[in-house]
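S.K.: Chain by chain, the residues run as shown.
Protein chains: 4
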Amino acid sequence: DQGPPGSSETPQEVVDQLIRRSMEAKTHAYCPYSNFRVGAALLTHDDKVFKGCNVENACYNLGVCAERNAIAKAVSEGYRSFRAIAIASDLNDQFIYPCGGCRQFMREFGPSWEVYPTKSDGSHVKMDVSQLLPMSFGPEDLHQHATQ
Amino acid sequence: DQGPPGSSETPQEVVDQLIRRSMEAKTHAYCPYSNFRVGAALLTHDDKVFKGCNVENACYNLGVCAERNAIAKAVSEGYRSFRAIAIASDLNDQFIYPCGGCRQFMREFGPSWEVYPTKSDGSHVKMDVSQLLPMSFGPEDLHQHATQ
Amino acid sequence: DQGPPGSSETPQEVVDQLIRRSMEAKTHAYCPYSNFRVGAALLTHDDKVFKGCNVENACYNLGVCAERNAIAKAVSEGYRSFRAIAIASDLNDQFIYPCGGCRQFMREFGPSWEVYPTKSDGSHVKMDVSQLLPMSFGPEDLHQHATQ
Amino acid sequence: DQGPPGSSETPQEVVDQLIRRSMEAKTHAYCPYSNFRVGAALLTHDDKVFKGCNVENACYNLGVCAERNAIAKAVSEGYRSFRAIAIASDLNDQFIYPCGGCRQFMREFGPSWEVYPTKSDGSHVKMDVSQLLPMSFGPEDLHQHATQ
Ligand SMILES: [Zn+2]
Ligand SMILES: [Zn+2]
Ligand SMILES: [Zn+2]
Ligand SMILES: [Zn+2]
Chain A
242 DQGPPGSSET
252 PQEVVDQLIR
262 RSMEAKTHAY
272 CPYSNFRVGA
282 ALLTHDDKVF
292 KGCNVENACY
302 NLGVCAERNA
312 IAKAVSEGYR
322 SFRAIAIASD
332 LNDQFIYPCG
342 GCRQFMREFG
352 PSWEVYPTKS
362 DGSHVKMDVS
372 QLLPMSFGPE
382 DLHQHATQ
Chain B
242 DQGPPGSSET
252 PQEVVDQLIR
262 RSMEAKTHAY
272 CPYSNFRVGA
282 ALLTHDDKVF
292 KGCNVENACY
302 NLGVCAERNA
312 IAKAVSEGYR
322 SFRAIAIASD
332 LNDQFIYPCG
342 GCRQFMREFG
352 PSWEVYPTKS
362 DGSHVKMDVS
372 QLLPMSFGPE
382 DLHQHATQ
Chain C
242 DQGPPGSSET
252 PQEVVDQLIR
262 RSMEAKTHAY
272 CPYSNFRVGA
282 ALLTHDDKVF
292 KGCNVENACY
302 NLGVCAERNA
312 IAKAVSEGYR
322 SFRAIAIASD
332 LNDQFIYPCG
342 GCRQFMREFG
352 PSWEVYPTKS
362 DGSHVKMDVS
372 QLLPMSFGPE
382 DLHQHATQ
Chain D
242 DQGPPGSSET
252 PQEVVDQLIR
262 RSMEAKTHAY
272 CPYSNFRVGA
282 ALLTHDDKVF
292 KGCNVENACY
302 NLGVCAERNA
312 IAKAVSEGYR
322 SFRAIAIASD
332 LNDQFIYPCG
342 GCRQFMREFG
352 PSWEVYPTKS
362 DGSHVKMDVS
372 QLLPMSFGPE
382 DLHQHATQ
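Chains as they are written, first to last, in the numbering used here: chain A, 242 to 389; chain B, 242 to 389; chain C, 242 to 389; chain D, 242 to 389.
Possibly wrong hints are sitting among the right ones.
[What the hints assert, rightly or not] Residues from chain C that face chain B, not an exhaustive set, calculated with beta carbons under 10 Å: (1) F277; (2) Y338; (3) P339; (4) F346; (5) D382.
These aren't lab readings, by the way, just hints derived from the structure by calculation.
Cβ atoms here follow ideal geometry from the backbone N, Cα and C, with glycine treated the same way.
Make a model of the complete structure from these sequences and hints.
M.R.: Here it is in C-alpha cells:
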C-alpha cells in the first residue's frame with residue numbers, strides 16, 4: 242500500500258527515469274514560433290507515465306504547454322492522482338521552471354506533489370507544487386465560495 | 242497510398258466508430274465547475290485514434306477543451322496529420338460544435354479535414370475545419386509576415 | 242432610439258474613424274516575441290470607443306489578443322453592447338482576421354455585430370461575428386444545457 | 242524623482258484607495274458561469290489607476306481574469322511600469338489570491354512589485370510578485386535562450 246499521493250518519497254532511480262522520459266517527450270514539440278522545445282513526463286500514483294510537449298499556435302495565446310499537455314492526457318485516460326512531473330528544455334544553464342498557468346493546472350490535482358525542473362544535461366532540482374505556487378486556491382476554495 | 246490528408250472521404254463505418262470513441266472519451270471529463278462533459282476522438286491520417294476530454298480548472302480560464310486535449314495528445318506522440326475529429330457531449334437536442342479556440346487549434350494542422358459534431362444519440366453533421374473557421378490565418382500566414 | 246445592437250448600418254465615416262483608432266491602438270502593442278503588432282478598436286452601441294492591443298507573455302500561451310483586450314476593457318467599464326470592431330496589423334497584403342479564440346470572445350456578446358479586418362493601408366472588408374464563427378454556441382446554449 | 246518601480250513603499254492611504262478601486266471594479270464583472278465576481282485595480286509607477294474585472298466565456302477556457310484585464314488595459318494605454326495591484330472578490334473569510342496565469346502575466350512586467358489580496362471587508366495582505374511566483378522565468382530568460 243502506497244498511501245495517498247505524495248505520502249512517500251519517489252526513489253531517485255524513478256526520478257532519473259522520469260527525467261529521461263521528459264527529454265524524449267521534448268522531441269515531439271511543435272514550436273515553429275518560439276523554437277523553444279519543452280517536454281514533460283508525469284508520473285501517476287500507480288506508476289504510469291504520460292509524456293507531453295508544447296504545442297504552439299499561429300495565435301500564440303492558444304497554444305498548450307508541455308506540462309498541461311501531459312496532465313490533460315493523463316486525465317483523458319482516467320488518471321487524476323499524480324506523484325511527480327519532470328520538465329525538460331534545451332536550456333543548458335538554467336533549470337526550466339513551469340509557467341504560472343501550468344502551476345495552477347498542477348495545483349488542481351493537489352498541492353503537494355513533486356516537480357523536477359531540469360537542465361539539458363539532466364541535472365535537476367526537486368520542488369513541490371505548493372512551493373511553486375504558494376498561497377494558491379484550488380477546487381476546495383470554490384466550494385467554500387458556493388456554500389457561503 | 243492514401244494521398245495527402247483529406248484527399249479521400251472517410252468511410253461511414255470509420256466515422257461511426259470515431260463517434261463511439263468520442264463518447265467513451267467523454268466519460269473521463271474532469272468538469273466539476275460546468276458539469277458539462279465533452280469528449281473528442283481524433284483520427285490521424287494513418288488511422289490512429291486519440292481521445293481527449295475537457296479538463297477544467299478552478300481558474301476557469303486555464304482549462305483545456307476536449308478537442309485541444311486530443312490534438313495535443315496526438316502531437317505529443319508524433320502525429321500531426323489529421324483526417325477527422327468527432328465531438329461528443331450530453332446535449333440531446335443540439336450538436337456540440339467546437340469553440341473558436343479549438344477551431345483555431347485544429348486549423349494549425351490544416352484547413353481541410355473533417356469535423357463531426359454529434360448529439361448524445363450519436364447523430365451527427367459533417368463539416369470541415371475551414372467551414373467552421375472561414376477566413377482563417379495559419380502557420381503559412383505568419384511566414385508571410387516574417388518575410389515581408 | 243437606435244434599437245437593438247446591429248439593427249442599423251454603421252455609417253462609413255464612423256467605420257473609417259474606427260479603423261484609424263485601431264491603427265493608433267496598434268502602437269501600444271507589447272509583442273517582443275512575435276514582433277507582430279495588432280490593434281483593435283471597439284465601438285459600443287452608444288458610440289464609445291475602446292482600444293486594445295496584443296499583450297504577449299514569455300509563456301506564449303498566456304498572452305492576450307488585441308480584440309479580447311478591447312472587449313474586456315469595455316466590459317470593465319460597464320459596456321456589453323457592441324456595434325463594431327476594427328482590427329489593424331502591419332500586414333500590407335493581407336487583411337488581419339481575428340483568431341478563433343477572439344471570435345468566440347466576440348460571440349459572447351452577440352452573433353450579429355460588425356467586424357472590420359483591415360490591411361496596413363486602411364483598406365478593409367466588412368463581416369459580422371456569425372460569418373466568422375458559423376454554427377457557434379454562446380451563453381444561451383449553456384442555459385439550454387442547465388435546464389435539460 | 243521616484244526611482245525605478247518598486248523602489249519605494251506605497252503609502253497606506255494609497256493602498257487603501259487602490260483596494261476601494263478594486264471593489265468598484267468588481268461591480269462590472271461579467272461572470273454568468275461562476276457567479277464569482279473579481280475586481281482588480283492596478284497602480285502604475287506614475288500614479289495612474291486601471292480597473293479590471295473578470296470576463297467569462299461560454300467556452301470557460303477563453304475567459305479573462307480581472308488582473309490580466311487590468312494589466313492589458315494599462316498596456317493598451319501605453320503603461321508598462323507598475324507599482325501595485327489590489328484584488329477584490331466576494332469572499333468573506335479568505336483573501337483572494339491571483340491564479341497562476343495572472344501571476345505569470347504580472348511577472349512579465351517585473352518580479353518585484355506589490356500585490357494586495359483582500360477579503361470582502363477590505364482587509365488585506367501585502368505580497369510581491371516574486372513571492373507569489375518564485376523561481377519564475379520572464380522576458381530576460383527567453384533572451385538568454387535566443388543567444389545561447
Ligand atoms: Zn506552462
Ligand atoms: Zn474548445
Ligand atoms: Zn485572438
Ligand atoms: Zn487569473
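S.K.: Indicate, hint by hint, whether the structure satisfies it.
M.R.: Hints, verified against the model:
With a cut of 10 Å, the hint placing F277 of chain C at the interface with chain B holds, because the nearest CB-to-CB distance is about 6 Å. The beta carbon of Y338 of chain C is positioned within 10 Å of a beta carbon in chain B (closest approach about 5 Å), and the interface hint is therefore held. Hint on P339 of chain C holds. Least Cβ distance to chain B is approximately 9 Å, under the 10 Å limit. This hint holds: F346 of chain C has a C-beta 8 Å from the nearest C-beta of chain B, less than the 10 Å allowed.
Interface restraint check: D382 of chain C against chain B, minimum CB-CB distance 7 Å, threshold 10 Å, status holds.
Hint compliance for this structure: every hint is met.
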